[in-house]
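Each chain sits in its own coordinate frame; assemble them with the hints.
Protein chains in written order, with our numbering: chain A, 36 to 354; chain B, 7 to 354.
Calculated directly from the structure, the hints in this document are not laboratory data. Do not rely on the hints blindly, as some may be mistaken.
[Claimed, not checked] Straight-line alpha carbon distances no greater than 30 Å define the calculated DSBU-like cross-link-like pairs of lysine-lysine that follow: (1) Lys209(A) x Lys183(A); (2) Lys223(B) x Lys343(A); (3) Lys171(B) x Lys157(A); (4) Lys223(B) x Lys351(A); (5) Lys223(B) x Lys313(A); (6) Lys153(A) x Lys272(B); (7) Lys157(A) x Lys272(B).
Since the model is a prediction, treat every value here as computed from it, not as a measurement.
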Amino acid sequence: MDFYQVLQIIVPSMIGLAAPLIFTALGGVFSERTGVVNIGLEGLMVIGAFTGIVFNLTFADVFGAATPWIAVLVAMVAGTIFSLLHAVASITFRADQTVSGVAINLLAVGLTLFLVKKLYGKGQTDMVTENFDRVDVKFLSDIPIIGKIFFSNGYYISYIAIVLAVVVWYIIFKTPFGLRIRAVGEHPMAADTMGVNVAKIRYAGVLLSGAFAGIGGAVHAMTVSNEFSHSTINGQGFMAIAAMIFGKWHPLGAMGAALFFGLAQSLSIVGASLPFFKDIPSVYLLIAPYVLTIIALTGFIGRADAPKASGLPYIKGKR
Amino acid sequence: MVKKMSGLFIPVLSVVLGLLAGAIIMLVSGYNPIDAYSALLYGIFGDSYFLGEAIRTVTPYILAGLAVAFAFRTGLFNIGVEGQLIVGWLAAVWVGTTFELPMLIHLPLAILVGGLAGAVWAFIPGLLKAKFRVHEVIVSIMLNYTALHVTNYIISYVLTDKLDKTNNIFATATLRSPFLSGLTDGSRLHWGIIVAMICAIIMWFILEKTTTGFELKAVGFNQHASEYAGMNVNRNIMMSMVISGAFAGFAGAMEGLGTFGYASIKGGFTGIGFDGIAVALLGANTAIGVVLAAFLFGGLKAGALNIPVETPIPNEIVDIVIALIIFFVASSYFIRWILNRINKKGVK
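Isolated chain B (complex conformation) (with noise of 0.2 Å):
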């Protein structure tokens, strides 16, 4: 019973402590949480605007959580997300702004480059530890600051000018639509949320319903296992990063295409990347789960921007809760045991 439960009740219970935690933090600091709660609540839901701006900020979580989400269910951490989704990012402006071809053929082309430049970028890892052992945590975090310079570079001095953004996409490229900003009173919503949907399912299917996928999991499992059922490891291990980087691809398309419409030179990382941890670890590393993380994590960076219009309240106060959540959910070992001391007790 508890086993069956704990698949949905430690992340819950870590959100809920999570919220806890930080309003005591607001208490000593001297703020009201109710208000900053509150203020959160009505900067996702307030109005149509804040809405149509909430599930825009979902739409890359949703995908950065499928990327870590799919290499941890290969049992690869994918921490270079924030590097594959920025050179994804680059990829598919420079489709958007390089290529002049009928939207039918433009937008998905951008979408796909996006998508095989984090692909190729997570590559690296993969056949690194593939071919050589070398830990995949390292190596992605180091191709992480090599995206972010080497991006930043190609920006001004090969796309541009020495200027610090590219031109816009051209219309033909472009993710955005008046008819959903209008729906939500012009906010930046685009399509990048059907984007994310699909590859939701996409991400589903693969694992629970194909060979592949299967194979996968398989050496999430057990490496040994797997290698002595005639599986190949080492093809395994590549094709699962290469899947995660194209996800994380499609997320900085989603950025590109959608939200912004160019690409300009970055002082530091988006954190979309390493949110995509948090969002994979509560939503449990399942497709629907990460659906689910995605949207309380993308709300809540959302609404946090309401948080210091109405009160005196700074925003970080929603990266702490945040961080908090992660803690508790990667300490769930620590609340089973308390779980199982509570039940124990019960059967005496």
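Next comes chain A alone, as it looks inside the complex (with noise of 0.2 Å):
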């Protein structure tokens, strides 16, 4: 087997494990840059799973091929939705944001399989029968050399997710919606003395990151392990805020950082079986993107700092 045949294995691999990590990544770049930490969203990316599975599983016969893509965005309602508990305990009560985090996490895990159970009277879905479709991309995987390593064998929902990298990254940083939700995340007064409404713009950051986190978790679970468990989302969530925070609070830095992790996880599954890598224990790869994130943090490859007032709750009027 030699280098190319081996790079039209992981890249593909890489680029699938890596999609649901960019969803929830945007979706913490949206939360925290307007000031409210979210260590929920690994909670949201259950919901997100949980949903997408239960909507594919019940309406594939009405859908049909499109069950997918309309879970995905069923997932993207639910998701936002139970963010909505994150965002009035944090922001409206007052919680602190990483309990309240905390609390959607354990929430999620118990709601979900209390309703699997519920639903199956087991503890785990059946397997889904509408899949997302590995595709070679028409035209674009034709482009010699890296057309079939970038473009074929691949899930559309994957370079949907790249793509909206790059709108997140212009939303944030060209529009005026998004120097508001900098404007909350960094100096919540100022921007309030100039007329912003900051409860407001931090409401709509963690409702979008519910959004992303759910889309995340129904697409991890749609093209990873195509059923819901109690084991179905298991760190994701916490391995996309290491993305955010490796890739600086940057809509571009976390894609950058969520496919550097799905090369890690990718590796770390399909690795064994090929040359160079079967001699690497899986133990490096699989704790790589935790021990980068922690190095990330304490400056030796540029220092990351998060947004100023990130944590904090604002309350009008205190110094």
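Given below as structure tokens:
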């Protein structure tokens, strides 16, 4: 097996595994840029995965091949609604944002397993029949050399994730709404003085993070596990948070980090069957995303700083 | 008056609201909440076996709660209790399976090494916080996953030859006792509950009766004031994380030396570390509060296992209730605000 063939296996697998992380990390960027820490991304992904799979199983006969796409949209709505809990607790009720996020995670796992047992009478769902198909992208896959690596055997939804990262970058850095998001996250009092409704922008940030994490969870469930159980989402949300930090709270950086973490994950899965990689114990690849994030935070790879007001409730009139 | 009462009032109200919300969820899903809660109560107090298992479940909850609470008092959020617990578990089992010593040395050594491993794991976020101002929450979350994968690797490639669990620990390192087990109809109750109680007393003593504890709390209240008063803030941050991590390591040692007697590969987290956050929060970060809250949550968790036995209701309802209780405690600002409103109206 030569290196070119190895790339043809690893790269599509990397992009596929990275897509859910990209969606969720972009959601995290929205939330944290408005100054609300969202540890609950993991739980929101669980909600998305559960909703996506249950919708898919229930309506596969009705919508046919379009089912996974509609399921993703429904999961997005479910994630948004669920993130409202985090928004109300941490913005309106001034709860500790980390505590509220932890509660979201516990609640999501408890609630979805409760419902799975209620709906199906067992701890996990059946396998979905309508999946996202792996496709060769038209025209692009015919480009010599890189076409075979980057545009063959992938999911359309993965490419959407990458395009979306650019869209989010544009929103946050080039539009008035994005300017408000950043202002509220850096210096809410100044933003308030200038007539920006801090609470409203923060609500928008958290709800967007719920929407994106819902998508991320559903995409992970329908491309990787194809069913829902207690272990369908197992740390992907926290890895997305890691990607967001490693990408320095920047949408494109978060996407790059998510792709890198996707690579580490894919190597830990398929690496055992490949030359070059089978000699590396998989534990190094498994812990790489987390250790690198810590190193990034410490400042050895350029310092990563959170938005200044991140984690602090904004109380009008308080200095 | 309200201020004095709210110390106890808000946790109790939150628990009541949590149970009520759980009941509503069950009603909406077409289940009978009274059946569920009576099965739950029977699952805790029904017979001596259930009671023994409930107390066993409470043991690591107390220690995990103490770990979170201790760091909280210094203004640190140790969300890494889960990872420190796993590391402590493995370290304690390693001592328990590797050395052959008389029990009087072996058991304390195994427990202490478990605590030490947890302390070392918690020292990393403490050090990074003190030296580089890196937020301890993110670092400890990352270390949770690192701990999970590293311990799995050590169990299957270092301690054993590709097996999914270690040998059982030697009898000289076990916390189990035929006496306690016999007393509770063959449950896995072990001496760990005594260790947990001692640790609760130690935490109370450190925080309330020593200069170190005073400094730790002072740093928690106001870092700048503490620094101005001549305290070494960085040293106190590291100290707090180390002690917190030791409690978490002890919690793992209780599981390794008491409940299971071995360490096995884990597909995911035990959940005890995260529930420890709930315990600490409900217990208002005091030693006695943590013990009470641990008895509540540990009892709920143990009793929950009886719910699907007697009713068609999934035991996850208890996880939902616990999560909701955290929400209510965390949103206490709102509860206080309503209380103040009611009070003011009363005065008029």
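**Violations among the numbered hints, reported as their numbers in ascending order** = 1, 5
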